[in-house]
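Quick note, the sequences are listed as chains E and B, same order. Read in our numbering, the first sequence has 25 at position 25, and its numbers run on one by one without any break. Read in our numbering, the second sequence has 73 at position 73, and its numbers run on one by one without any break.
No lab work stands behind these hints: they were computed from the structure. Idealized CB from N, CA, C, for every residue including glycine. Watch out, some of these pointers could steer you wrong.
[Unchecked claim] Derived list of chain B stretches under chain E, where covered just means 3 residues or more per stretch with a C-beta under 8 Å from a C-beta of chain E:
| id | segment |
| --- | --- |
| 1 | 20-28 |
| 2 | 52-66 |
| 3 | 90-98 |
| 4 | 246-254 |
[Said to hold, decoys possible] Just a few of them, taken from the derived set where beta-carbon distance is under 8 Å, the chain B residues facing chain E:
| id | residue |
| --- | --- |
| 5 | Leu9 |
| 6 | Val13 |
| 7 | Pro14 |
| 8 | Gly194 |
| 9 | Leu208 |
| 10 | Pro213 |
| 11 | Ser280 |
[Claimed, not checked] No more than 30 Å apart at the CA atoms, straight line, and that leaves these computed lysine-lysine pairs for BS3-like:
| id | chain 1 | residue 1 | chain 2 | residue 2 |
| --- | --- | --- | --- | --- |
| 12 | B | Lys223 | E | Lys87 |
| 13 | E | Lys315 | B | Lys315 |
| 14 | B | Lys328 | E | Lys330 |
| 15 | B | Lys228 | E | Lys222 |
| 16 | E | Lys228 | B | Lys153 |
| 17 | B | Lys358 | E | Lys228 |
| 18 | E | Lys228 | B | Lys314 |
| 19 | E | Lys222 | B | Lys101 |
| 20 | B | Lys87 | E | Lys106 |
| 21 | B | Lys87 | E | Lys210 |
| 22 | E | Lys106 | B | Lys328 |
| 23 | B | Lys222 | E | Lys228 |
| 24 | E | Lys315 | E | Lys288 |
| 25 | B | Lys357 | E | Lys101 |
| 26 | E | Lys223 | B | Lys305 |
| 27 | B | Lys314 | E | Lys210 |
| 28 | E | Lys284 | E | Lys228 |
Protein chains: 2
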Amino acid sequence: MEKELLLMLPGPVPMPERVRYAMMRQAINHRSPEFGAVYADCVRVLKTAFGTTNDLFVISGSGTAGMEAAVANFGRDKDIACLVNGKFGERLYKISQRYGKAAEIKSDWGTPLNLDALEERLEQGAQVVTLVHNETSAGIKNPAKEVGRIARKHDALFLMDGITSVGGDVVEADAWGADVAIVGSQKCLAAPPGLAGISVSNRAWERLCKNPPFYLDLAAYKKSAAGKPMETPYTPAVPLFFALREACLIIEEEGMAGRIARHQKMAQAVRAAVNAWGFSLFPKIDAKHEYSNTVTAVSYPQGMKDDEVRPIIKKMGIVIAGGQDHLKGKIFRIGTMGAVSAPEILATLAATQHAIKKTGYKVQGDGVQAACEVLG
Amino acid sequence: MEKELLLMLPGPVPMPERVRYAMMRQAINHRSPEFGAVYADCVRVLKTAFGTTNDLFVISGSGTAGMEAAVANFGRDKDIACLVNGKFGERLYKISQRYGKAAEIKSDWGTPLNLDALEERLEQGAQVVTLVHNETSAGIKNPAKEVGRIARKHDALFLMDGITSVGGDVVEADAWGADVAIVGSQKCLAAPPGLAGISVSNRAWERLCKNPPFYLDLAAYKKSAAGKPMETPYTPAVPLFFALREACLIIEEEGMAGRIARHQKMAQAVRAAVNAWGFSLFPKIDAKHEYSNTVTAVSYPQGMKDDEVRPIIKKMGIVIAGGQDHLKGKIFRIGTMGAVSAPEILATLAATQHAIKKTGYKVQGDGVQAACEVLG
């Protein structure tokens, strides 16, 4: 390959040069004011992206580690209501089963959540609610604000996976009542994989559970973060913190409002192309649910083969995602996360349109032109 | 600061340029043959450093995550005998308390382990033994082979923390009967912090416990590693894997025998200097215990002040470690881990000797000269 593939996935995403080059620094002591300042920069900017003034920590682990930290610290031995309409909702449910009495409130992937059933579970005593805000497996954005309102009404804790929305779409953890919120580094933040940010409300601290996993013990994170210098309880993945800090400074320079508008526009461009082709978006949305602005999931028309289409696109140097689990072969997904802008979108849509035609299918109209009209 | 500080700590340690530069690559898909090959390179070389043909996985987390993976997967609800003669032995004990019925077999930091007490605990039914092979908090190397022999005699599982010995000193996990062994990336491997390697014997797999933390579920690691391409169950910290692969290739080029001999020689040089100064090594060793070859712990003579000595050394651009917890102010520690060679050792000993004199103390002889005689 003459150069790296263009990853148009719902994470990992291409990193700006500044972010990548930040990692090549020599080792520093992680118990030093210098590291403390790096950590503090990350926390300051992430708080704005989360829309929170709560405590916020960075764990050296993937988004899944962040999910588990949320459930283990605040869900152990609790009655947990898990809203599920995709793969990551399922993952939160699986994790919840390891710690508490978990009940799944299940909808088909990419279809609206059953909020009436949530109310029922809460009336029956559920103490904790889990939600994936932006479900990348199905390209749907779930009504976090509404879920937060319902959870608060019943005095339940609200654990929100914002792994693929924070830093790219509107997230207002405090206004929505998300007691715990999580982000992954390699999604909208455009940093490398390997770190998870997690915020914790005072309300959550008051209900902290005993005996979480040692590595994910948030009380230990709190204690170390309060020190001078600010620290993590165990050795952090220092180069990833250097990179995340740089990614955060880029976010600060762009400004969250502009960054969110950019993500929305990129997703609109992809949806315009899909519409022009005469294809269907996979999610079935309603008044409360929206299409994701960080990944667009598209249903393959009858007979069109994923294992024919995506290899043609890849041969042109671009990787888009297929479906996961039972959606394998049924959908394709184009990520619009992080540092992505018009050139990447246009190249991706042109290559996809070409692959569609090359495998013998017709498009109703020119998707690339439709996208240009949004972007130009 | 005109350039980075020289870290002569028991981790993190300076990384070779090749290792650092490997991290600045653009993002790649971690579900790809390319990532699988990176992971496979790491596993191949780490197996030689562990002295094992067992399964071996790399977790995106610190050495502490590796410790917890060992205890959580093989110690839950078990009777665990924890050998403790330093801070990291204590940590394994604390982790063991979260999962099983843990009993501490405690010696003062840096003094020999009580192996008779271990035999007793095993006779009383202990099913799992935990040991820190190289206890950096006290500069002592514990008798892993002997502990393995005793554990096997009583049919107990042997969980060995080799975090600061693997890749720098003799480790023979299979020959010693270490059912689970752990390494940290930022120690003798001279890679960045943030990854832990963990090996698992068949004997351990047969006794796998239910319900480990989701993120540290080794059965999931086994399943993903067996796939084509080789994968991790959750998103790995890809840049750290690039760096670890490069560090592993360097180990392969140097050869483990040469690498171990180099570590031993560097530690000998430090000990020769300490001896020439007329200072005392902190650990109290016996026929079964040895001085660590990856960190040398030295007792401060009466009245010599850590907070006077180490700042002088730091002003010359070099960081050595003080004591941890109750040893704060009582000892100093010089790491000899990873890519370290004569220049770093000589500079460190010269600066330390200068700091000793400058704070008003006399040395009996020239430690720098003594070290040169070992190194030259």
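Cross-check of the supplied hints:
1. 20-28: Answer holds; 8 residues pass the 8 Å Cβ test.
2. 52-66: It holds, with 6 qualifying residues against the three required.
3. 90-98: holds (count 3)
4. 246-254: Answer violated; 0 residues pass the 8 Å Cβ test.
5. Leu9: Holds: closest Cβ of chain E sits about 7 Å from Leu9 of chain B, inside 8 Å.
6. Val13: holds, 6 Å
7. Pro14: holds, 6 Å
8. Gly194: holds, 3 Å
9. Leu208: violated, 15 Å
10. Pro213: For Pro213 of chain B, the interface hint holds, since the closest Cβ of chain E sits about 4 Å away, which is under 8 Å.
11. Ser280: Result: violated, 26 Å to nearest chain E Cβ.
12. B:Lys223 - E:Lys87: holds, 19 Å
13. E:Lys315 - B:Lys315: Answer violated: Lys315 of chain E to Lys315 of chain B is near 55 Å, above 30 Å.
14. B:Lys328 - E:Lys330: Judged against 30 Å, a Cα distance of about 61 Å means the pair is violated.
15. B:Lys228 - E:Lys222: violated, 40 Å
16. E:Lys228 - B:Lys153: Violated, at about 48 Å.
17. B:Lys358 - E:Lys228: Distance of about 29 Å is within 30 Å: holds.
18. E:Lys228 - B:Lys314: Holds, at roughly 19 Å.
19. E:Lys222 - B:Lys101: OK: Lys222 of chain E and Lys101 of chain B at ~27 Å, within 30 Å.
20. B:Lys87 - E:Lys106: violated, 46 Å
21. B:Lys87 - E:Lys210: Distance ~23 Å between Lys87 of chain B and Lys210 of chain E Cα, so the pair holds.
22. E:Lys106 - B:Lys328: violated, 54 Å
23. B:Lys222 - E:Lys228: Between Lys222 of chain B and Lys228 of chain E the Cα gap is close to 40 Å, so the pair fails against 30 Å, i.e. violated.
24. E:Lys315 - E:Lys288: Given that 30 Å is the threshold and the Cα spacing comes to 39 Å, the pair is violated.
25. B:Lys357 - E:Lys101: violated, 64 Å
26. E:Lys223 - B:Lys305: holds, 28 Å
27. B:Lys314 - E:Lys210: violated, 41 Å
28. E:Lys284 - E:Lys228: violated, 50 Å
In summary, the structure is inconsistent with hints 4, 9, 11, 13, 14, 15, 16, 20, 22, 23, 24, 25, 27, 28 from the numbered list given earlier, while agreeing with the others.
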